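Undergrad: Numbered according to the working numbering, the sequence shown terminates at residue 447, and the numbering increases by one at each position without gaps.
Since the hints were made in silico from the structure, they are not lab data.
Incorrect hints may appear among the rest.
As the list claims (entries may be wrong) - Computed beta-carbon distance windows for the label pairs: (1) H404 / E341: 26 to 34 Å; (2) N279 / P391: 32 to 40 Å; (3) N279 / P415: 17 to 25 Å; (4) T344 / N305: 19 to 27 Å; (5) G342 / W280: 28 to 36 Å; (6) F392 / C433: 27 to 35 Å; (7) N393 / Y332: 18 to 26 Å; (8) T317 / Q338: 17 to 25 Å; (9) R427 / F392: 13 to 21 Å; (10) Y394 / N431: 19 to 27 Å; (11) N299 / Q338: 25 to 33 Å; (12) M432 / S336: 30 to 38 Å.
Small disclaimer: the values here were computed from a predicted structure and weren't measured.
The C-beta atom is built at its ideal place from N, Cα and C for all residues, glycine as well.
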Amino acid sequence: MEREAYIIAELPILKNWTIFGQETYGLVLLSWFSQNAILLDNNGMREQNQGTLTTENSYGFHYFRNWEYLLDSLQNQEGCTYYTGGNLRFHRTQESLRNYVNNNHLSDVNWNLWNQINSHRIIVRINPFNYIDEVYITQHHNYETNLSSYNPSCTYRIGIQLIREISNMCPLDLLSRHRNYYSE
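Modelling step: build the complete structure from the supplied sequences, incorporating the hints.
TA: Here it is, written out as structure tokens:
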């Protein structure tokens, strides 16, 4: 059964309504993605370097089968493919993602908390013209415990307006706004 993901188009909604915005790693991951993995142009979003997200060894992104029907089926979407990434423990994740996350004030995190922190994922749908026509955020969790790899109630589509906004923000500014909001 397919499920229509809620589209998030504004930063306050992301920060206030989703677990992705309430935990620092989720914001850093989205910031990294919007500033380092994609290019925005008049036609939409595309990979910064062709193959960045679609090559198995790049940034830890890999083919997403959608066997749980977390997202719309691609059965009638000829040439479209889903890819997922964001796992810092994935052996193919390039050091640049890890360094980006660590350089943005997550290096002091207790490694015992990584199972919770390292649960955020980005899923992209790439069309036959190599443009990213949909971006999703979701929460990965233990299949054995939950009988599912991803949490459908924590899966959201991110609007291109929000990706543009985040791509123009300094990661430290994004995090400081986040931390100030939750410390008040």
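Undergrad: Would you mind marking each hint as holding or not holding in the structure?
TA: Going down the list of hints, with the structure as the test:
Taking the beta carbon of each, H404 and E341 are about 32 Å apart, inside 26 to 34 Å as hinted. As the Cβ distance of N279 to P391 is approximately 36 Å, the hint placing it in 32 to 40 Å holds. Taken as a hint, the range 17 to 25 Å holds for the pair N279 and P415, whose Cβ atoms sit roughly 20 Å apart. In this structure, T344 and N305 meet the distance hint of 19 to 27 Å, their C-beta atoms being roughly 23 Å apart.
The hinted range of 28 to 36 Å is satisfied by G342 and W280, whose Cβ atoms lie roughly 33 Å apart. As the Cβ distance of F392 to C433 is approximately 31 Å, the hint placing it in 27 to 35 Å holds. The hint said 18 to 26 Å for the Cβ distance between N393 and Y332, and at roughly 25 Å that hint holds. Range check, T317 to Q338: about 20 Å between beta-carbon atoms, so the 17 to 25 Å window is met.
At roughly 20 Å, the beta carbons of R427 and F392 sit within the given window of 13 to 21 Å. In this structure, Y394 and N431 meet the distance hint of 19 to 27 Å, their C-beta atoms being roughly 20 Å apart. At about 32 Å, the beta-carbon gap between N299 and Q338 stays in the expected band of 25 to 33 Å. Between M432 and S336 the C-beta distance comes to about 34 Å, which sits within the given range of 30 to 38 Å.
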